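Working from the sequences, and respecting the hints, build out all of it.
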Amino acid sequence: MPDTGRERLNRAKVLRAAVELADEGGFEALTMRGLAARLGVVPMALYKHVADKRELLDGMVDLVFAEVELPDGDDWRTALRTRASSLRQALLAHPWAVGRMETGTPGPANLRHHNAVLQCLRRDAGFPFRMAVHAYNLMDAYVYGFALQEKTLAGDIPAEAARRRETVGDVTKYPYLVEVVTELAKTGFAFADEFEFGLDLILDGLGRVPSGRTPDDVRPGRAR
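Residues in the sequence shown are numbered consecutively from 4, following my numbering.
Derived from the structure by calculation, the hints contain no laboratory data. Just so we're clear, the structure is a prediction, and the values are computed from it rather than from any experiment. Just so you know, even glycine gets a beta-carbon here, dropped at the ideal spot from N, CA and C. Heads up, a few of these hints could be off.
[Said to hold, decoys possible] Distance condition first, Cα-Cα at most 30 Å in a straight line; then the derived DSSO-like pairs of lysine-lysine:
| id | residue 1 | residue 2 |
| --- | --- | --- |
| 1 | K16 | K56 |
| 2 | K154 | K16 |
| 3 | K189 | K154 |
| 4 | K189 | K56 |
| 5 | K189 | K176 |
| 6 | K51 | K16 |
[What the hints assert, rightly or not] Here are the computed distance ranges between Cβ atoms for each label pair:
| id | residue 1 | residue 2 | range |
| --- | --- | --- | --- |
| 7 | A144 | K176 | 32 to 40 Å |
| 8 | D143 | H52 | 26 to 34 Å |
| 9 | V45 | D203 | 48 to 56 Å |
Written out as structure tokens, the structure reads:
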């Protein structure tokens with residue numbers, strides 16, 4: 004039910020309503036006028052709580068960060084796995100946030116999140132500063148990139164594979180593509196399993212980096 008009392012409007016309500024609208028129609032479809040209508044106020048009432056749409060987005064992103072489980076515990080790999088999986092789930096719930104999580108001015112949940120991940124990498128995993136930054140960027144590139152790909156995937160991948168079997172056509176010309184679409188149409192496909200597979204590779208790789216190494220030390224062709 005719309006909030007009909009202007010005196011009860013506050014920043015938290017504005018941000019929550021904005022997230023709900025973006026979840027329903029995407030951030031591009033979110034307007035201050037539509038947000039005001041959702042809250043039952045005139046558009047000018049919103050500007051007492053957010054200066055503009057840029058500040059609104061910063062607050063919305065902070066709410067998404069607040070949903071992500073922080074890495075915690077003695078086992079840094081388990082902690083980072085939990086954090087990565089939780090971040091993916093938050094992005095699934097709020098697909099408008101994909102590509103926007105590292106933009107704008109960070110809020111308190113955003114700052115807590117980044118500090119906790121760096122603490123896990125520096126203190127718990129024992130990485131030196133540069134390697135911790137390297138590892139953080141690698142993890143985020145994977146999670147955010149996966150979320151972007153997941154956002155555009157067909158809802159029913161086996162059905163989409165069956166449809167593409169006709170598009171691929173000539174088995175002699177594209178034998179490996181035919182194999183993919185044929186097998187996926189028969190056996191099914193869980194994209195979440197692909198996330199876990201890639202995450203295992205990254206965490207196993209980070210676990211093999213000796214303490215004190217820098218990103219330059221572990222690049223291909225460098226002496227080990």
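Hints, verified against the model:
1. K16 / K56: It holds: about 15 Å lies between the C-alpha atoms, which stays within 30 Å.
2. K154 / K16: OK: K154 and K16 at ~27 Å, within 30 Å.
3. K189 / K154: holds (23 Å)
4. K189 / K56: violated (46 Å)
5. K189 / K176: Given pair K189, K176 holds - Cα atoms ~21 Å apart, limit 30 Å.
6. K51 / K16: holds (12 Å)
7. A144 / K176: 32 to 40 Å: At 34 Å between Cβs, range holds.
8. D143 / H52: 26 to 34 Å: Distance hint for D143, H52 holds at roughly 30 Å.
9. V45 / D203: 48 to 56 Å: 52 Å Cβ-Cβ, so the 48 to 56 Å window holds.
In summary, the one numbered hint that this structure violates is 4.
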